[in-house]
Every structure is written in C-alpha cells, then in structure tokens.
Amino acid sequence: MNAVPLEYFLTVAGVLFTIGAIGFLLRRNLLVLLMSIELMLNAVNLTLVAFNRIHPQNHAGQIFAFFIIVVAAAEAAIGLAIVLSFFRVRKTVRSDDADLLRN
Amino acid sequence: MKLDNLETIFFAICTLLVLIGGVYTVAAKNPIRGAMGLLGAILGIAGMYLLLAAELLAAIQVVVYAGAVVVLFLFVIMLIGPSSTGTTDARGALGRYFGAACFALVSVGALYVVMRFGGQTLSKMPEPPAGMGTIEVVGREIFSEQVVAFQISGVLLLIAVVGAMAVARGKHGGEMLLPPITGTVDPTRKSVSADLAGHASVPEPQLTKSEVKS
Numbered sequence: 313m314n315a316v317p318l319e320y321f322l323t324v325a326g327v328l329f330t331i332g333a334i335g336f337l338l339r340r341n342l343l344v345l346l347m348s349i350e351l352m353l354n355a356v357n358l359t360l361v362a363f364n365r366i367h368p369q370n371h372a373g374q375i376f377a378f379f380i381i382v383v384a385a386a387e388a389a390i391g392l393a394i395v396l397s398f399f400r401v402r403k404t405v406r407s408d409d410a411d412l413l414r415n
Numbered sequence: 106m107k108l109d110n111l112e113t114i115f116f117a118i119c120t121l122l123v124l125i126g127g128v129y130t131v132a133a134k135n136p137i138r139g140a141m142g143l144l145g146a147i148l149g150i151a152g153m154y155l156l157l158a159a160e161l162l163a164a165i166q167v168v169v170y171a172g173a174v175v176v177l178f179l180f181v182i183m184l185i186g187p188s189s190t191g192t193t194d195a196r197g198a199l200g201r202y203f204g205a206a207c208f209a210l211v212s213v214g215a216l217y218v219v220m221r222f223g224g225q226t227l228s229k230m231p232e233p234p235a236g237m238g239t240i241e242v243v244g245r246e247i248f249s250e251q252v253v254a255f256q257i258s259g260v261l262l263l264i265a266v267v268g269a270m271a272v273a274r275g276k277h278g279g280e281m282l283l284p285p286i287t288g289t290v291d292p293t294r295k296s297v298s299a300d301l302a303g304h305a306s307v308p309e310p311q312l313t314k315s316e317v318k319s
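Chains A and B, in that order, give the protein sequences.
Our numbering runs 312 ahead of the 1-based position in the first sequence.
Our numbering runs 105 ahead of the 1-based position in the second sequence.
Since the hints were made in silico from the structure, they are not lab data.
Just so you know, these numbers come straight off a predicted model, no measurement behind them.
Where is the CB? At the ideal position from N, CA and C, for every residue including glycine.
The reader is advised that the hints may include incorrect statements.
[Unchecked claim] Simulated restraints on C-beta separations:
(1) A:Arg414 x B:Arg245: 23 to 33 Å
(2) A:Ser407 x B:Arg274: 14 to 24 Å
(3) A:Asp411 x B:Lys134: 44 to 54 Å
(4) B:Ala198 x A:Asn370: 31 to 41 Å
[Stated by the list, open to error] Partial pick of chain A residues on the chain B-facing surface, computed with a CB cut under 7 Å:
(5) Ala315
(6) Pro317
(7) Leu318
(8) Ala333
(9) Leu337
(10) Leu343
(11) Met347
(12) Ile349
(13) Asn354
(14) Thr359
(15) Ala362
(16) Ile394
(17) Ser397
(18) Ala410
Turn these sequences into a full structure, and let the hints guide you.
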C-alpha cells in the first residue's frame, strides 16, 4: 500500500480546498456555503491523514482527523439549524438577505 | 507490481470522484444536486483514506459524512422547499469574483512554486507498521492517551444537539418576527412556522390584539 507518493494526495487536498474556498466566496446560497465548508474540512483531513501515513510512528494525524470529523458534524448541525431559523424569519436562504445590521 | 498498478488506478478513480464532486457541489444551481456532489467527494476521500492505511477513518467518513451530514443537508433542503434554489442577484458580484480570483491565483501560484522549486523526487511512502489505522490500534490510542479529548468531544456533541434544537425551534414556537422579503415569496403559501409547529401553534397575534383592546 505505498505506490502513490505523498505529493499526489497533498495536491488533491489543495485543489479540493481551493474549490471549496472559491465556492464559499462566490455562492450566496447559505446551504451551498455550508457544503463548501464541509469540502474544505475534508481537504484538511486528507492532508492530516496523508502526513500521518508518511510519519507512521504514531496515529496523531488520524486522531486529529477524527476529532475534526466530530467538530464538523456538530458544526453542520448548528449551521443547518441557523439556516432553518433564518429561513423562518426571512423566507429566503440567500446570504445577501442577512442584512439587518446594515443601515 | 500488479498491485501497484491497481492502487494507482484506484487513486485516479478517487481523484476524479473528489474533483468532479467538489466542482459539482460548488457549481450546481439546485442544492440537492450540490449535496449529491458533496456525497461523491466524500466517498472519494473515504477511498483515499483506504489507500493511506486509515481503515477506521474511512468507515467513519462514510458513516458520519455520507450517512449523517449529507442526509441532514437533504432534510433541510427538502424542508425549505423550492425557495432553496437561490435567484440570481448581481449585487456585490464584483467583489465576490475579485476575492475568488485572488484566492485562485494564490493557490495556483503556490502549487507552481512547490512544483518548480520543491524537491525533484517524489517522496515515497514507507511501509506502514502492522495494524496501522485499524480500529483496534486507533481505538486503543483514543481510549488511553486521548481519552480526555474524547470525552470533551462527547460533551461538544451533546451541546450541539441541544443548541441545534433550541435554535431551530425558535423562541415563540416559530412565530414570524419580520415580514418576508417581497417578490420572492408566494403569497398563497402559509407561513412555514405554522407548517412546522402543526397544531401546537397558537394564533398569537390575534390573541394579543384582543387582549390590548379589552
């Protein structure tokens, strides 16, 4: 299980993080914003696990990724609850309409 | 030699899944299609975890992300209904595109610098120790060295569940606090709060008016 070099995984993770960040910056649908955050968290997890694979003395990277998955699940639940609450108030899920503090 | 070829092919398939899924997540107009793209990306990353000798994490990735988070997204999208597909609005588009272009340029530049000036040889993965990433070894480490963090993450999940329920339920059983944005809402549609609360919802505005009059 060591045919693929480390750099390939890191490149995939970097490209995935870039896709997620660009989506987070470009889209204005709150649900898509949350999905972009999940993409970025997954890219970081992939980086951690790949580095753990090349330094296999302990499992620090994998356990770090495990806790990141826990936090990401909590974040998704809270974020979706906020989106639902926002939709109930404003009848929309566009992030541009969250402008109560604007004027 | 044969196994190495198989691994490379598997890695290529996972990469395709991850990249196509990621682009689809970001670019899809309909959020349900976006959630399907997210599912593809997550499954591809689970496959990469298998290549990286992290079997427990691959299983957790499939169970937690594909089984829980994506399904939660789908529930919310279907609860919100057709208005979850955002309308186009040019307001502030220039700043958004500028920010995204800056980020993309920096990323491409970083990738170029690493590829051009980094080491000339790819770093080969060492042979993994026996049992790396299996549920037994990782579980032993989580329950011995990281047990405090593990317990705290349990508390965090409990708080998240309670907080999500409190936030999604609303203060007054889901009473509408603001008038909806005009033009984006169907006037014949009843308020979602009434749909959500069902028969538990009290007609509060009329009640308070009559109380004020009397």
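Find the hints from earlier in the document that the structure breaks and name them by number, from lowest to highest. 1, 3, 4, 12, 14 and 18
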